[in-house]
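K.L.:
Listed here are the chains, written in short residue letters.
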Amino acid sequence: MWSLPPTDSVLHLLAFVALTAEGMTAALAAGRRSMDYVGVCLLACVTALGGGTLRDLFLGHYPLVWVANPIYLALPGGAALLTILIARLVHRLHLAFIVLDAIGLVVFTMIGCNVGWQMDASLPIVIVSGMVTGCAGGVLRDVLCNDVPLLFRSELYASVSVVTGLFYATAFGLNLNAELWTILTFVLGLSFRLLAVRYSWEMPKFVFTGDEKR
Amino acid sequence: MWSLPPTDSVLHLLAFVALTAEGMTAALAAGRRSMDYVGVCLLACVTALGGGTLRDLFLGHYPLVWVANPIYLALPGGAALLTILIARLVHRLHLAFIVLDAIGLVVFTMIGCNVGWQMDASLPIVIVSGMVTGCAGGVLRDVLCNDVPLLFRSELYASVSVVTGLFYATAFGLNLNAELWTILTFVLGLSFRLLAVRYSWEMPKFVFTGDEKR
Amino acid sequence: MWSLPPTDSVLHLLAFVALTAEGMTAALAAGRRSMDYVGVCLLACVTALGGGTLRDLFLGHYPLVWVANPIYLALPGGAALLTILIARLVHRLHLAFIVLDAIGLVVFTMIGCNVGWQMDASLPIVIVSGMVTGCAGGVLRDVLCNDVPLLFRSELYASVSVVTGLFYATAFGLNLNAELWTILTFVLGLSFRLLAVRYSWEMPKFVFTGDEKR
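Here the protein sequences come in this chain order: A, B and C. Read in full-length UniProt numbering, the first sequence has 99 at position 99, and its numbers run on one by one without any break. Read in full-length UniProt numbering, the second sequence has 154 at position 154, and its numbers run on one by one without any break. Read in full-length UniProt numbering, the third sequence has 188 at position 188, and its numbers run on one by one without any break.
Hints are computed from structural coordinates only; laboratory data are not their basis. Remember, predicted model here, so these are calculated numbers, not experimental data. Among the hints, erroneous ones may be present.
Stretches of chain B that chain C covers, calculated by requiring three or more beta carbons in the stretch to come under 8 Å of a beta carbon on chain C [unchecked claim]:
| hint | segment |
| --- | --- |
| 1 | 13-20 |
| 2 | 31-41 |
| 3 | 55-61 |
| 4 | 121-132 |
Ideal Cβ positions, reconstructed from N, Cα and C, are used throughout, including at glycine.
Please model the complete structure; the sequences and the hints are all you need to start from.
P.N.:
Pasting the structure below:
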């Protein structure tokens, strides 16, 4: 995420929303496992920044953005502490959380594509860069919470990321108006995700019950 | 893996077999946890490419090979989709899978040693480089499936990798005929692994039942 | 860790103690899950060197220290094998282990701060660098053992690391006598950790029982 060209101030602003949203969803996951306050903040930072960190490691994109701007650590950490305070309200805010989480997914994906593009990566790697940025933080959160990652099990999470990335990346090739395309991609991705949640769209599952020996 | 010297075309070809084999074994593991199709493909890519990725991160060997050649992502992903289609046949192909998996282990180990050697690493790091390339993908697969990694629990998996690496690395020091040595190492490693599976060779286990407090 | 300025020979010596201690605690964790001898050694290396490795990846601090000095792999691996031999004595050595583990935490934290400082990182990143070096190895150990990381759940582990790092980093800003400050920090951090264990100090926990849907 981040390292945006100056014109993308809208995307930059949305990145702050996304970091906050990811921090809050991670805090709720931490609360379900009765982690202590420090653990809640750490899990929030790993969830919010883990995707971008992995992408930067894969692309050799140094310095990592949170190393260059430590304020990015404070944001999800602070959001996690806030979540502890307002946890009782949270179940009434269920819808708000779903929307925030969807914003996080779409915005991180777009930022990841941006970074890949700036690193002169090929189109498939631009898409992968977006997907890693958008989805890997949640995988790390689930692994640290000792769950099989939600990403692998259900919901159109990775799929939304791929579609968003493909649509967004097309703009790079077509030399279209960047800001218009950014807004269009954001609306498309967000709608796709919210419709998927609303109507419980799911990918078919692969169920295999052979013997456990490899 | 990969980044092979042009002469090692045999190793290069075997790498494709290994990527496919790892993708298929990962798909079966995903199917046992009822992951959806996207999750199956993602797990296959992580398993097949995770070892080489970790090795490249450890050695600072940029660009990562799947970033330079995204086709390496398509191979295990496609193999995973194929596995979904033919899953009903798979239990009849048990032996084929064991052999393919063993090929993956041995080939990835040799490729890892090659990369370490090309990076001017010392002998122990060449061996570790081979072991990480050969074994770490399976560890990531087991962590994402929420299992204690098989590597740590049983079978001569890491041991086969170390022996293969040691034997292979000797050639670097002795300046022997590279191609002959490649074939010899491959046959030795594969035989060792298959014998270990056939006769259920195992390392002794360390069982400690002290109190859980650290 | 490591890459110390030559004057810090005390810290260097303590690093060997810390690597050994982390290897031994990891071996006990491995024994509780009945891992085989190879798995015990691998888990010891990951636990002892994982924190420093992650820090080096985050900061782009190449070559990794265990790549440059493979002897760092032999130390926790050897300590793990030794632990298998003396496991029956270990429950009598409970206190010694707690002290060794605390030394590991404090020393790794200080070394991590040192490395961050040498990389010209900002103060928050120096602290994070210390915390990652001190704590991340234990997180990796718990993930590989299929546990929710202890770090997130209880005890003042991360907190000790942060306080130690803050105190230590103050010296960088104040230009104080480095060796005196090193010893002071070590005593402070160790005392804090041991008092926390002795009196079971804990952070408050965040318990959230909302629905599981994100």
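K.L.:
Are there three or more residues in the segment 13-20 of chain B whose C-beta lies within less than 8 Å of some C-beta in chain C?
P.N.:
Coverage by chain C is violated here, the residue count being 0 at a Cβ distance below 8 Å.
K.L.:
Can the segment 31-41 of chain B be counted as covered by chain C under the rule of three residues or more with Cβ-Cβ separation shorter than 8 Å?
P.N.:
violated (count 0)
K.L.:
Cut-off 8 Å, C-beta pairs, minimum 3 residues; does the coverage of the segment 121-132 of chain B by chain C stand?
P.N.:
n = 5 at 8 Å, threshold three: holds.
K.L.:
For the segment 55-61 of chain B, does the count of residues with a C-beta closer than 8 Å to a C-beta of chain C reach 3?
P.N.:
Satisfied; 4 residues make the cut.
Hints 1, 2 from the list above are not met by this structure, while the remaining hints are.
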